[in-house]
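Quick mapping for you: the protein sequence lines, in order, are chains U and G. Note that the working numbering gives residue 146 to position 146 of the first sequence, counting from 1, and the numbers run on in steps of one. Add 414 to the 1-based position in the second sequence for the working numbering, that's all there is to it.
Cross-link-like lysine-lysine pairs, in silico, BS3-like; alpha carbons within 27 angstroms at most:
1. G:Lys802 x G:Lys490
2. U:Lys409 x G:Lys802
3. U:Lys409 x G:Lys764
Incomplete in silico selection of chain G near chain U, CB under 10 angstroms:
4. Ser532
5. Glu748
6. Phe750
7. Met752
8. Arg754
9. Leu759
10. Gln776
11. Glu783
12. Thr836
If you are wondering where the hints come from, they were derived from the structure by calculation, not from laboratory data. Beta carbons: idealized from backbone N, C-alpha and C, even for Gly.
Here is how the chains run, residue by residue.
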Amino acid sequence: MKNNLLFILLLFTSLTTSAGSILIKGADIYSTNGVLPQSNLYIDNGTITAIGRNTPLTADLEINGEGMSITAGLFNASTHIGTVEVSAISPTVDFYSENEAVTASLRIADAFNPRSTLIPHNRVHGLTHALLVPESGTNLFSGQVGLVQLGNQPKVIHDSLAMALDFTESGIRLAGNSRAAALVQLRQALDDAKDFSRNRAAAMAGDHRDYILSYADLSALESVVNGVKPLLVKTHRASDITTILALAKDFQLKLILSGVIEGWMVASEIAEAGVPVIMDPIHNLPESYESLGARLDNAKLLSDAGVTLLLTGMGGQDTHNAYLVKQSAGNAVANGLPKSVAIAAMTSNPAKVFGATVSGDIAVGEIADLVLWGGDPLEMTSEAQLVLINGEVIPMESRSFQLRDRYFKRLKKN
Amino acid sequence: MKNALSKSLALITVMTLGACGEKAETPGDINLPNKNPYPSTYQIPESPAFALIGANILTGEGTELTNTDLLIANGKIVAIGAALDIEPDTIKIDAKGKWVTPGLIDVHSHMGVYPSPSTSNHSDGNEMTSPVTAEVWAEHSVWPEDPQFEKALAGGVTTVQILPGSGNLIGGRGVTLKNIPSITVQGMKFPGAPYSLKMACGENPKRVYGSRNTLPSTRMGNMAGYREAWIQATEYKRSWDDYVTDSQAGEDVDPPSRNLRLETLAGVLEGDIRIHNHCYKADEMAQMIDMSKEFGYKIAAFHHAVEAYKAAPILAKEGICGVMWADWWGFKQEAFDMVRENIALVDYAKACAVIHSDDPIQVQRLNQEIAKAMSAGNRMGLNIDAAKAITWGTINAAKSLGLDNQIGSLAVGKNADIVLWTKHPLSIYSLAQKVWIDGNLRFDRFDKSVQPTSDFNLGIISAGEARP
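I would like the entire structure built from these sequences, with the hints used as guidance.
Following this line, the structure appears as structure tokens:
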């Protein structure tokens with residue numbers, strides 16, 4: 001049955017990608033309002049027009065969704081998609097800079113390659129959106145976070161949603177290899193950005209004091225110190241999280257945390273500060289001395305404390321296989337995180353937290369960004385049967401599928 | 415040890431006989447190196463007989479048994495069948511509706527040699543001071559307190575092959591361990607398991623040594639490096655064979671000087687040590703196979719075999735296992751041609767398909783990795799069921815290690831390495847509930863007294879606290 005469906009879709013997508021109507025019958029629909037069991041979903045010209053029992057009963061493409069499920073498209077909240085092709089081939093790697101003169105001003109979205117082979121590979125398995133988070137090469141500040149949509153015409157939706165900062169041990173190493181020194185540098189940069197903001201004209205005219213960071217970097221930090229753009233701080237150790245929460249309070253910054261392997265130890269502090277976190281629930285090893293408290297139910301404990309979660313993962317596979325955020329989410333659920341929370345954390349939450357123009361939900365009136373899964377949405381055995389991004393059906397095509405088909409043909413002859 | 419020595423003497427005697435066709439004389443004072451100087455001290459702890467009642471069993475040999483009993487005594491599986499007649503004093507564990515598999519086997523792990531925390535003081539997996547370091551043994555680097563081991567155990571992994579890294583052409587000996595807590599690595603060593611030798615194709619060795627302007631800096635340099643080593647090993651082996659032959663002929667000859675590097679390579683040529691070859695690309699696999707024929711040794715497995723699907727008919731013909739990830743790709747050029755159907759296609763071509771982790775996170779969920787590989791195959795219509803898929807982490811893995819007569823399936827007479835799962839083992843929601851090794855309960859998710867933790871964790875994890 002599933003194979004027939006894929007075949008039908010192939011025919012369908014060869015005819016059209018967006019025009020026409022689609023009816024999915026009897027699938028479990030996961031929306032922010034809960035699960036609608038065995039319900040119909042109707043999409044007309046790319047927009048969800050009806051959900052439930054009262055959908056039209058015919059469409060250009062009708063799919064029997066019994067035993068299947070529908071979620072909003074997967075959104076991985078920390079990737080390098082489109083800014084790396086082969087990790088070991090450095091000219092293809094654009095997500096960090098070795099140029100000391102470029103820190104906060106680095107805008108990773110400028111490097112996004114919509115023709116990357118990583119995009120079709122990820123979207124055919126249900127990934128529809130991703131944050132591009134730069135990494136630190138020379139400075140605590142990594143650069144600005146972008147948001148991309150992976151549809152038939154992949155594109156940058158936002159080129160500067162947040163400012164990324166690395167306060168893990170690797171970022172701290174770049175800042176003199178001491179947490180204390182890193183904090184001095186960080187406070188100084190924030191003070192300088194404030195000063196620059198107040199004296200911009202004079203500074204640009206060369207009529208003001210010198211700064212350590214360039215004008216371009218200070219300009220990029222202006223909206224951060226003014227509390228408009230979130231500062232996205234990657235950090236793991238519980239005491240480092242506390243330090244960053246205090247610093248954000250001092251400077252009245254809009255803070256988002258990321259990493260937070262020891263987050264569960266200070267979950268109530270994070271929740272009280274109203275700070276969302278981007279995390280991969282899969283980490284449970286003391287991989288370094290800043291993550292000795294790693295545990296598989298970190299996501300559950302953070303969520304129980306009231307922290308809003310945005311997920312990434314799985315492990316080092318967060319870019320070439322960014323769709324495996326679903327596997328990290330499934331493991332979090334196996335370790336106590338409610339399924340609805342896990343799904344929201346990789347669909348609707350990222351859009352909400354960043355105020356981005358992405359639906360992240362299954363609701364009437366929304367342009368369809370969704371996945372029809374062959375079974376329970378989190379099972380590894382549930383393949384993406386149908387993916388719509390921005391109302392368009394995604395062809396089930398990728399470099400990997402082409403290789404598979406070429407060699408299967410040869411194996412069959414053998 | 416005496417037995418091992420006389421056994422190896424006997425072997426060499428036979429080989430010599432084969433060569434010269436003369437009747438062997440009783441060996442005199444032939445002085446051969448000890449082949450097992452760091453022997454396993456593992457002993458199966460005594461434990462009472464027990465039975466799992468009414469389980470659903472994926473046997474590891476491709477079959478599924480429902481509502482079946484499994485009887486274990488003295489570390490072995492004694493009986494399997496429906497409604498077994500079980501002695502009243504045998505401990506019975508209700509497994510009705512639960513799923514049981516053989517203990518999972520990870521044939522590519524760096525636990526202990528690249529432990530957590532991954533600090534430089536414990537980074538002992540890659541002796542990158544010379545492109546051929548056949549003289550180093552991974553077991554001499556293993557830190558038994560590595561907290562990764564207990565997490566792998568909680569994922570149902572009972573046997574692991576620990577390999578040196580892939581920076582060198584020939585990286586050193588691997589070792590097969592039972593995943594049990596031990597102060598010494600000798601206490602974990604799988605008694606009688608064959609040694610392995612790690613070799614590496616492709617990008618890593620040529621990058622490491624090329625950056626130092628020494629051979630190899632190219633793939634042809636890689637090949638030259640291996641062949642040079644095998645030529646030396648062939649001569650070294652001949653010098654020892656001659657020594658044995660001459661001694662047996664009554665000549666008063668001195669043994670050749672020992673060379674640790676060549677001793678291991680000669681062990682491969684003698685068939686004692688199994689080649690586990692890091693090799694991503696199909697074209698390089700073919701070169702390695704020709705080289706093995708040039709020098710007369712056998713390759714057990716190609717690891718990280720991202721392109722195994724391209725070479726699947728060759729692997730089937732040569733009897734070489736493809737050891738693969740479910741979906742890793744793109745971190746190097748040689749890992750660019752990944753297909754998620756790799757394992758399924760290798761299996762389809764009737765070659766030995768094996769899952770591996772190479773990773774302390776993935777080793778904890780090999781069942782999920784198997785599920786992904788199965789699902790990819792089924793998406794293209796290969797109709798693989800769970801009973802078949804689980805073989806990739808059980809009997810096929812055991813075959814690659816040369817241990818399929820002892821582990822890798824639930825069959826009468828085999829070691830009682832068993833996992834009882836909370837749900838179907840290929841479900842994302844499933845967790846290993848109980849894990850037995852040689853019939854001893856080594857992990858119980860719901861009993862803190864059977865959740866071993868490393869010395870390292872003391873004072874970091876509070877007493878009595880269990881962190882998943």
